[in-house]
Amino acid sequence: MRTPTFDFVGRSRLWAMISGTLILISLGSLGIGGLDLSIDFVGGTAYRLEGIDPGTTSGDLRDAAEDAGAVDVIPQLQGAGDDRGALVRTDAMEPGSEQALAVEQALVEASGAENSTISFVGPTWGQRITQQALEALLVFMVVVVIYISFRLEFKMAVAAVVALVHDLLITIGLYSLVGFNVSPATVIALLTILGYSLYDTVVVFDRVKENAVQLGEPGRRTYAQLVNASMNEVLYRSLNTSITSVLPVGALLLIGSQLLGATTLQDLALALFVGMLVGVYSSLFVAAPFLSWWKMREPEQVRAAEREAERLERGEDPDEDVPSVTASTERRAPITTDYVRGEGKRRKRRR
Amino acid sequence: MNKRSLVATLTVTLLVVLLAGTYLGLGNRPNLGLDLQGGISAIYTAEIEGEEPEEGLDEILDQTVEVIRARVDSLGVAEPDISRAGTDIIVQLPGISDAERVQEIIGTTAQLAFRPVEEVIPPGAPAHDEGPDCSAPIDEREQLASDESGILCGSPFDGATPGDPAETAATTPVDKYRVGPVALTGERIENAFPTLGQGGFEVTLELDNQGAQQWAEITGELACERDQGQPGMLAIVLDDVVESAPGMNPGVACGVGITGGTASITTGGATQEEQEADAVDLALILRTGALPISLEAATFDVVSPTLGTESLRSGLLAGAIGLALVGVWLLFFYRVLGVVALSALAIFGVVTLSLVTALGTVGFALTLAGIAGLIVAIGITADSSIIFFERIRDEANLGKTVRTSVKTAFASAFRTNLAGNTVTLAAAVILYFLAVGPVRGFALMLGIASVLDILIMVAFTRPLVFLLAGTKLMNRRTVRAAEPAVATAGVRR
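In order, the protein sequences belong to chains A and B. Here the first sequence is numbered in the UniProt record's numbering, starting from 1 and rising by one per residue. Here the second sequence is numbered in the UniProt record's numbering, starting from 1 and rising by one per residue.
In isolation and in its complexed conformation, chain A is listed as follows (with noise of 0.2 Å):
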C-alpha cells in the first residue's frame, strides 16, 4: 500500500498551538508596528523635473534618488526630443526638509534639470479601492460558503473560509513583522492566495465527501479516520501541487528580484511565496482537523467514537471490516511520516 498513513487529525492540538501561535505573532505585530504602506496607497513626494538631459534614464534617477535617502521610488521620463522631463515619485517627506532637498539637489545633479517642483502627491490606490475590493472580498466569502455548502456540506464551507483567514493573517503578519512594504502588487497577490487557498481546500474536501460514502458502511468508522484517511490518500497530490505552484513562485522570488534586481518583483513573489506555503499547511492541518473536530461533535459521531474506543479496548482490529479507505491512524509508518516533516533522517520506504 503506497497511500502514507500520516496522523493528521489526531494530531490537531499541536497544529492549533502552531497555528495559533503565528496568528497572535500576527495580529501582535499588526496592531503595534501596522503595515509599511507604499506611495501607491499613502500618497507621497513628487518630483517634477524640466528640461533634463537627453541621455538620462529612469535607472539614473532611480539610483540618484535612493542614493540620497529616498525609498519606494518610481521614476517616470515624459515627453520628448528637447522637451524632455520626469516625474519622480518617493516615499513622502517632509516639504522643505533637509531630506527632501537634498533628493530633489540628487535629482537635479543626475539629470541636469533646468527646472525642478516639490509637491505632495496622493495615492493611486485610493481608499474607495481599498473599499470596494474588502467588499468584493466578503461577498465573494459568502458566495463561498453558499456553493461550498451546496456543493459539500456546509461545515466544509465554514472550515475553508476558516483557513482562508488563517492563511491571509499569517501573510500579512509577516509582512507586518518583517517590515516588508505594502503594495498594490501585494494585495493582487493576496487575492491570488485566497483562491489558491480555496482551491486546495476543496479539492480535499471533496475527497473526505466521496469517501463519506464509505462512512458508517460497517458503521465502525469515526469521522476522524475518515478525515485523515482521505487527506492521505490525496496528500501526493497535494505535494506536488504545491511543488508545481511553489517552483515557478520561487523563481519569480530569487531570480526575478535577486539576482536580476527588479524589487518590485519581490512584493509580489513573497506574498505570493509565503501564502501559498502557508495556503498548503492549512488545508492540510487547519481546515480538514478543524471540520474534523467540529463533525466529531456531531451526536452521532460522539457514539461512534466511543464504539471505536470500545473496540480498541476488546484490542480488535478497527480497520478489519473496511478495506475501502485505506488509511488509518494505527498503521502509521513513522518512515512517511518522516518525509513528509522534511527531517533529515529519511529512510528508504520498503513496499
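Everything labelled a hint here was simulated from the structure, so no lab data went into it. For each residue, glycine too, the CB sits at the ideal point set by N, CA and C.
Here are some chain B residues pointing at chain A (derived, C-beta under 7 Å):
no., residue
1, D81
2, V326
3, G379
4, T416
5, F442
Mind docking chain B on chain A? Use the hints.
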C-alpha cells in the same frame, strides 16, 4: 466516448491552439500596462468655482479622482494610474499615444445636475432668441449658477458624444429650456445602468438616501405641475446643456413623487437600436458625469514605464525558469503522463497569451501583476493534471485495468477540478464586478485562467490520456512504476 470522437476532439483543440499560435506568430503582442510600457500622462488643474471651499476641498478633489476613475473604468480595463498632486490631478493611461483620446475619455468639465423644466422653447419661438448662444462652444457660454433660474440649451439630436465640446456646438438650432434652480446634483447618484423595460430601453437610477428624499420631493412637485398642464419635466443637465428632459409618467402621483431611491428614465429613439444607444449614453452620463469641480487639462505628455524593460525581462525569464523546473518535476514524477501535463501547460500558455493579446485591442493592459498571475496559473493548471494522474494511480493500484482506471479517474478528477475552478471563477467574477482599477485586470486574468483550465482538461488532457491508455506507452506497470521512485525521491532530495 469512442476513439473517433476522442481523435476529433483532440484535432479541434490542436487546431485552435495552432490558430492562437499563428495569431501570436504574426507579431501580435499583448497591450502592456503603464508599469511595463509607459503611456500618456495628463495633468488636470482643478478650478474651484465661486468662493473656494477651504473646508472639504480635499474631499472634493478625492471624489473627482474617483469620478475620473469610474469614467476610465467604464471604458474598459485600462488599468489607469490616477493620483492627486496638490490641486492637480495626474491621470496616466497605458499605451495610449494620442492626447485626444485621453481628453475624450476623461471628458471636459462635466458637472451633472437635475433641474425642473418651466418651459420648453422650440426653435422659432419668440423666447428662443433669449438665453445663451447654443452654437458657441460650451466654455464660452454664460454659466447658470446652481440657485438661479434661466435658459439652457438642449443637446443636439444626433446623439453627440456627451461632454464633447466640438459636437455639442451644433449647427442646427436646438430646443432651449427655461429651468429652475438645481434640485439634485449628480453626487447623489449611486449607480445608473441601462435596462430593457416593458416599453423598450430605459435607464435605471439608484440614489443615495439624501438623493432619494430630494428625488421624491422634486418628482412629486413636477407631477402636480403635469396635472396642471405644465411641462412637468425634469432636465438632466450636464455642463449647462440639457442632455435629456424626461416627463413624469401618469403613475407618478402629485405630492408623492417617486419614492424608494430608484427611478427609471425611458429613453427616446425610433428604433430599438437607437433606444439602446440612448440608454447606454444616458447611463454613462448619469453614472460618471458628476464631477464636483471643473478641471482644466494642463499638460499631456508621453511617460516612460514605471518599472522598465528589465523588470519585464526578468519576470518573463523567471516564468520560463519556473516552467522548466515544473516540467522537470512532472516528467520525473509522471513519466509519459508528465509529457501530457507539460503539453497542457504549453497549450494554456499559448491560448492565454493570444487571448490577452486580443483583449489588448479593446483596452486591456497586461501589467506585471497580471504576468505574476499567469505564472501562478501555471501551478493551478498543472494541478488539474496532477489530480487526474494521481487518481489513475489510485485506480490502477486497486487492480483495475489501465482503460478502466483512466475512465473512472477522469470522472472523479473532473468533478474535483470543476469544484475547485468554480470557486476560483466565483472569486474572479465577483472581484471583476465589485472592484475597481488594478483589481479588475487581475480578476479578468484569474477568470480566463480558470475557464481555460477546465476546457483544457476536457478537450486536451482527457482525449489524449484516453487514447494513450490503449497503447503500450501506458500500461499497468508504467502507471504504477513511479511509486518506488516516489520513495526514492524523498530520500535523494
